[in-house]
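Asker: Chains as they are written, first to last, in our numbering: chain U, 1 to 176; chain Y, 1 to 170.
I should point out that these hints are in silico values taken from the structure, not numbers from a laboratory. Check each hint, because a few of them may be wrong.
Residues of chain U clear of chain Y, computed beta-carbon distances all greater than 10 Å [to be verified]:
| # | residue |
| --- | --- |
| 1 | Ile41 |
| 2 | Ser54 |
| 3 | Met156 |
| 4 | Gly168 |
Selected chain Y positions facing chain U (in silico; Cβ < 8 Å) [said to hold, decoys possible]:
| # | residue |
| --- | --- |
| 5 | Leu27 |
| 6 | Gly34 |
| 7 | Thr38 |
| 8 | Phe63 |
| 9 | Pro85 |
| 10 | Val121 |
| 11 | Asn134 |
| 12 | Glu151 |
No residue lacks a Cβ here, since even glycine has one placed at the ideal position from N, Cα and C.
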Amino acid sequence: MNKSKLYTWFKLFWMFLKINLLTSSGPASVGLLYKESVGKIMTESQFVEAVGFSNVMPGSEALKVAMFVGYAAGGLAGALTALLGSALPPTVSMLIVTLAIKHFQDEPWMDGFIGGMLPAVAVLIAVVALKLFRSEKNASKRSLLIAAASLAALAMGAPAPLVLVGAGLVGIGLFR
Amino acid sequence: MNILLQLFGLFLKVNLLSTSGMASVGLLHQEAVGLFVTESQFVQAVAFASVLPGSDALQLAMFIGYNAAGMPGALAALAGSILPPTLLMLGVAALLHRLRREAWVRSFVQGLTPAVAVLMVFVAWKLVRKTELNWQVLSLGAASLIAFLLEAPPPLVLLAAGLAGVFLLR
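Just need the whole structure built from these sequences, with the hints factored in.
Answerer: This is the structure in structure tokens:
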């Protein structure tokens, strides 16, 4: 274990701590990550591969990109360092908020605050759903078919995980 | 002990069947509301996961895990969320080029995406259906829709809606 390795790990940890403190996950963090890592840690094509890979594989997008970049920079230990740096800000901040909500839950203004956020949350979920659907390229008819089938299944009360796995399996059959 | 295993399993499943935190809220609502958290707690989880910086998936796990079973619950939920991407990464370190050419993984996620989108709309509808649709709620919804369509940052929109709620909903 020499000094330059330790330095790489520390830099990775710090970089992902910073990115995850400054951005909510999604496109914004990818932009910041691009500026921080391309040319310094990895090449542009490696970065494109990392982002593309994260979109295709299941699991939290931010964590996958972090581990991919960390791996390119410092191997397995680099990947784990990047993971730790990415996981700390969201978990610690959310723990604080969770405790704060518990503390304030009997205050009357808290009801209004949550009640006011509810319609915005519902709209946000629908908007993200729409974006997700539109991100499906050049397969619109098949995607629509799967969407219609899933809607029918959900409306009939089919369990959600089953519908999702089914849709994925249909995808294997349809998208070749 | 049992509830910890359930939480771990739930978040394992949710993170295997979605590619990002926000995309997972559809499934999460179906599986967690009523069992681990109330509808109102779920709204808080999604709202604050969007408002706070960092991975939404981990924030949802932290909030729901903590409310279901305290700190051990939060840790179990986090472990379930972190495991799938980590194992994938470890596997991929050796197998990336083979995996990427395995078209079925990509096709599975492509097929999954429209279903995830439909499930999310379904859940958005469920959230609204249970609240009383007075003019305050409707105008907050309309205002946030316009804000999102104008590409306003979601954290700001959610916080503003919450603050407006403090004054409007009494």
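Asker: State for each hint whether it applies.
Answerer: So, going through the hints one by one against the coordinates:
1. Ile41: Ile41/U clear of chain Y: closest Cβ-Cβ about 16 Å, beyond 10 Å.
2. Ser54: 8 Å, violated
3. Met156: Nearest chain Y Cβ is 12 Å from Met156/U, so the label holds.
4. Gly168: 4 Å, violated
5. Leu27: 5 Å, holds
6. Gly34: 13 Å, violated
7. Thr38: Check failed: Cβ of Thr38/Y comes no nearer than 11 Å to chain U, outside 8 Å.
8. Phe63: At about 5 Å, which falls below the 8 Å cut-off, the nearest Cβ of chain U leaves the hint on Phe63/Y intact, so it holds.
9. Pro85: 3 Å, holds
10. Val121: Holds. Min distance 5 Å.
11. Asn134: Not OK, violated: Asn134/Y not within 8 Å of chain U, min 10 Å.
12. Glu151: 10 Å, violated
Of the hints listed earlier, those the structure fails to meet are numbers 2, 4, 6, 7, 11 and 12, in rising order.
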